[in-house]
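Engineer: Each chain, written out:
There are 2 protein chains.
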Amino acid sequence: MSAAATPAAVEGRPPAAGPDAVGEMVREATAWCAVHGLVVGDRADPRSGTVPGVGLVHAPFSLLPTHLPESRWRQACELAPIFNELVDHVSLDGDFLQDSLSKTKQVDDFTSRLLEIHRKMMEINKEENIRLGLHRSDYMLDSETNSLLQIELNTISASFPGLGSLVSELHRTLIDQYGHLFCLDSKRVPGNAASSQFAKALARAWDEFNVDRKTLSEVEAEGHVLPDGTLVVKGRTVSVVYFRAGYTPNDYPSEAEWAARLLLEQSSAVKCPSISYHLVGTKKIQQELARPNVLERFLENKEEITKIRKCFAGLWSLDDEEIVKSAIQKPELFVLKPQREGGGNNIYGIDVRETLIRLQKEGGDALAAYILMQRIFPKASLSNLVRGGVCHEALTISELGIYGAYLRNNDKVVMNEQSGYLMRTKVSSSDEGGVAAGFAVLDSLYLTDTSI
Amino acid sequence: MSAAATPAAVEGRPPAAGPDAVGEMVREATAWCAVHGLVVGDRADPRSGTVPGVGLVHAPFSLLPTHLPESRWRQACELAPIFNELVDHVSLDGDFLQDSLSKTKQVDDFTSRLLEIHRKMMEINKEENIRLGLHRSDYMLDSETNSLLQIELNTISASFPGLGSLVSELHRTLIDQYGHLFCLDSKRVPGNAASSQFAKALARAWDEFNVDRKTLSEVEAEGHVLPDGTLVVKGRTVSVVYFRAGYTPNDYPSEAEWAARLLLEQSSAVKCPSISYHLVGTKKIQQELARPNVLERFLENKEEITKIRKCFAGLWSLDDEEIVKSAIQKPELFVLKPQREGGGNNIYGIDVRETLIRLQKEGGDALAAYILMQRIFPKASLSNLVRGGVCHEALTISELGIYGAYLRNNDKVVMNEQSGYLMRTKVSSSDEGGVAAGFAVLDSLYLTDTSI
Numbered sequence: 003m004s005a006a007a008t009p010a011a012v013e014g015r016p017p018a019a020g021p022d023a024v025g026e027m028v029r030e031a032t033a034w035c036a037v038h039g040l041v042v043g044d045r046a047d048p049r050s051g052t053v054p055g056v057g058l059v060h061a062p063f064s065l066l067p068t069h070l071p072e073s074r075w076r077q078a079c080e081l082a083p084i085f086n087e088l089v090d091h092v093s094l095d096g097d098f099l100q101d102s103l104s105k106t107k108q109v110d111d112f113t114s115r116l117l118e119i120h121r122k123m124m125e126i127n128k129e130e131n132i133r134l135g136l137h138r139s140d141y142m143l144d145s146e147t148n149s150l151l152q153i154e155l156n157t158i159s160a161s162f163p164g165l166g167s168l169v170s171e172l173h174r175t176l177i178d179q180y181g182h183l184f185c186l187d188s189k190r191v192p193g194n195a196a197s198s199q200f201a202k203a204l205a206r207a208w209d210e211f212n213v214d215r216k217t218l219s220e221v222e223a224e225g226h227v228l229p230d231g232t233l234v235v236k237g238r239t240v241s242v243v244y245f246r247a248g249y250t251p252n253d254y255p256s257e258a259e260w261a262a263r264l265l266l267e268q269s270s271a272v273k274c275p276s277i278s279y280h281l282v283g284t285k286k287i288q289q290e291l292a293r294p295n296v297l298e299r300f301l302e303n304k305e306e307i308t309k310i311r312k313c314f315a316g317l318w319s320l321d322d323e324e325i326v327k328s329a330i331q332k333p334e335l336f337v338l339k340p341q342r343e344g345g346g347n348n349i350y351g352i353d354v355r356e357t358l359i360r361l362q363k364e365g366g367d368a369l370a371a372y373i374l375m376q377r378i379f380p381k382a383s384l385s386n387l388v389r390g391g392v393c394h395e396a397l398t399i400s401e402l403g404i405y406g407a408y409l410r411n412n413d414k415v416v417m418n419e420q421s422g423y424l425m426r427t428k429v430s431s432s433d434e435g436g437v438a439a440g441f442a443v444l445d446s447l448y449l450t451d452t453s454i
Numbered sequence: 003m004s005a006a007a008t009p010a011a012v013e014g015r016p017p018a019a020g021p022d023a024v025g026e027m028v029r030e031a032t033a034w035c036a037v038h039g040l041v042v043g044d045r046a047d048p049r050s051g052t053v054p055g056v057g058l059v060h061a062p063f064s065l066l067p068t069h070l071p072e073s074r075w076r077q078a079c080e081l082a083p084i085f086n087e088l089v090d091h092v093s094l095d096g097d098f099l100q101d102s103l104s105k106t107k108q109v110d111d112f113t114s115r116l117l118e119i120h121r122k123m124m125e126i127n128k129e130e131n132i133r134l135g136l137h138r139s140d141y142m143l144d145s146e147t148n149s150l151l152q153i154e155l156n157t158i159s160a161s162f163p164g165l166g167s168l169v170s171e172l173h174r175t176l177i178d179q180y181g182h183l184f185c186l187d188s189k190r191v192p193g194n195a196a197s198s199q200f201a202k203a204l205a206r207a208w209d210e211f212n213v214d215r216k217t218l219s220e221v222e223a224e225g226h227v228l229p230d231g232t233l234v235v236k237g238r239t240v241s242v243v244y245f246r247a248g249y250t251p252n253d254y255p256s257e258a259e260w261a262a263r264l265l266l267e268q269s270s271a272v273k274c275p276s277i278s279y280h281l282v283g284t285k286k287i288q289q290e291l292a293r294p295n296v297l298e299r300f301l302e303n304k305e306e307i308t309k310i311r312k313c314f315a316g317l318w319s320l321d322d323e324e325i326v327k328s329a330i331q332k333p334e335l336f337v338l339k340p341q342r343e344g345g346g347n348n349i350y351g352i353d354v355r356e357t358l359i360r361l362q363k364e365g366g367d368a369l370a371a372y373i374l375m376q377r378i379f380p381k382a383s384l385s386n387l388v389r390g391g392v393c394h395e396a397l398t399i400s401e402l403g404i405y406g407a408y409l410r411n412n413d414k415v416v417m418n419e420q421s422g423y424l425m426r427t428k429v430s431s432s433d434e435g436g437v438a439a440g441f442a443v444l445d446s447l448y449l450t451d452t453s454i
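Keeping their order, the protein sequence lines are chains A and B.
Every number in my numbering is 2 more than the matching position in the first sequence, counting from 1.
Every number in my numbering is 2 more than the matching position in the second sequence, counting from 1.
The reader is advised that the hints may include incorrect statements.
[Stated by the list, open to error] Straight-line Cα separation of at most 27 Å, BS3-like style, residue types lysine-lysine; simulated pairs:
1. K327/B <-> K312/B
2. K105/A <-> K363/A
3. K202/A <-> K189/B
4. K105/A <-> K327/A
5. K327/A <-> K107/A
6. K189/A <-> K202/B
[Unchecked claim] Derived CB-CB ranges, DEER-like:
7. C79/B <-> A205/A: 35 to 43 Å
8. D178/B <-> T175/A: 26 to 34 Å
9. G316/B <-> A205/A: 53 to 61 Å
10. G193/A <-> E305/B: 48 to 56 Å
11. E146/B <-> D22/A: 51 to 59 Å
12. T52/A <-> E364/B: 49 to 57 Å
13. G390/A <-> C79/B: 39 to 47 Å
14. D22/A <-> D253/B: 18 to 26 Å
15. G164/A <-> L265/B: 38 to 46 Å
16. R49/A <-> T52/B: 15 to 23 Å
Everything labelled a hint here was simulated from the structure, so no lab data went into it.
Glycine included, each C-beta is placed from N, C-alpha and C at the ideal position.
Extracted from the complex, chain A is given alone in its bound form (with noise of 0.2 Å):
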């Protein structure tokens, strides 16, 4: 979860029921998590990471889903197709992908490998007929604005499309056996096939791949990209490279691995994502996108560039004089942001004073590292979390993301999809019950009719 959140309004569940259902509830749950793959690696075992089906534990879960109103669920889903279709037309314009990142290049060693990379792509002329997006928007509810605003948009590895799954199919489960406890219909848990729907998009992919393919002569080689384009590695084609790894700087220890990125990018085969959509995912970008009369660059319809913009938070960079001077005043209303991507390092409240401080005193392009973001106040709920199969009572924040899936083959958009749902729920930093603050699970959602 990246966002910085303080809760402002906590919203009670309905009456409790008593512990011992809890207890059976969450004995029930754990031994769900085992027999239907929501499972994860321990970190509390050594052995768990070395090789598959070993030192598993339950995923971290939420006993019950986090209510959300509906029209906010379907706003959401609606913004979906739409941000699929802005990312593959920002990632046509490849000036403007150099340009809004210039200044982020000088600072940022990783974003500059990138670009690097991407330049190169635009020297040769690159083409990418056949174009995947597997996106995740995520959005927190703030209870300041009452409104669903953007906290990130992930187009690459976006995360949990399987595990987020399971979770759904889990609490659905659960309120179907103890739902009258807590008076919840499962109905109203919304279906949520987001590894199916991803795994149909990487199938499609390959589809329109192989549909008009010549036959090759098996080369046997350990990965090199022949004349025509085609990536062969061990003597096969590959057809659908899926970026599991490589958005960040831990991925890449050499510069084998920056040497591996480029091939991938020469070849035809059909990146997920290509190194453009790769970075129109950038912060930076995302800050672009909501200066005015950028949407308008790249998309047509008023009604869409209307929804998109609504869901926007506030974003500046630094060289914005009078919000850096708001900043300073009132830190607790923004948080500041390193350009990099990956998440974490946020700084929030009395460290964004003296951040700032601190680089408008060093001057150049320190500031450039940096952009200020609206702060978002989520609503904040108490939520039964599990972990290591024990329950806690926590005051939580949740983060809404909504999976979205995209391939394109020249003129034909063959899939253009909102695809699933990824909840997650956090230990809210102002929570004083005694569990670590930070401390985040996996969630699925609840419609309500309630509006906010």
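Got chain A sorted already, so can you dock chain B onto it with the hints?
Structural biologist: The following block gives chain B in isolation, referenced to the frame of chain A:
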């Protein structure tokens, strides 16, 4: 796996795939286990077993299914409904059970307590109108006699219907992906719906119990039987009691557990199993059924009797002096088994001779605590066994379990079916490849046309 077994002939695998392919298969397979619930508690993790969903590891499994001639498979499947019927018929003859187990009773406290409950039920003429049996009959292929021989019949807590079904699915998936490397076809792995079949039987038993049921006003209590026999626990009427424990002395650490077992038996709830079904599964009853003219008392159909008798290995009680003499002379042809249920502690080889001589000296009822069984010489084959993410090749022997579900309501036989299977494969005691003898994995089977 309960049978004593020495490998006689080693069956070779088809041409092996390279180590690269095996390594890839192991990673695919262990990941498949994690996401499909083919997991167990890891004994190496102290938290495992304290709460569900924690300390999990993939269940140990065989990388590929074990070969079995299709004719033997069909033979084993055909036996399932006959054994179901046999258990039911034998259970109706309370005197037969009491008489057959009278000697066992004197030397085995556990069986003695079960018989006491059974006797009490006989005294009150307890009726069991709805009878539910979820059994598993275990077999090995004897290479000496080329026959399928029954190892034991489990009438209580027959284990692994859930994980067993998953292993068949795992093997089909692996063969679909890698079968060409081994000339295997996934269609030759029989479908295995053991878990859903057992669930269906339990649900149908619930239906039968409730179909003519009067409405009961809810009674708050921690567990008692109403005058009409209704079992009430925490205010809820119990329709079906499934025993996942209660088959070893360890499950009865105090008188409270025996009182609970009696309470359940006194109730009108459907018991799976009832005390009489439980007793029919004892080794002593298996031995009695193998005596001349005993099957004829319980089954009418001569063909069925012939089929059942064909799968009985030799079984003798130690009051047969001739057999004891033979076993002392040729101990390698016999296994000495304790009468008590629960497996383990079988005696083989030279120890058979020494134990028999000691028991003869002790005299009295010491001999009654054991039975002698024909030693089976199962085929051995090379298998890749995967445990803790690591693959070991070893010389193995396999045991085939066939599940059977039986449900009768008065005169109406609601279900009498073969309900899936379980293959268990263990490292043969004569394996010298360094893998611990006795190390066992879950397996499935691959039907061959080969006659044996």
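Engineer: Would you pick out the hints that fail for this structure and give their numbers low to high?
Structural biologist: Of the numbered hints given earlier, the structure breaks none, since each of them holds.
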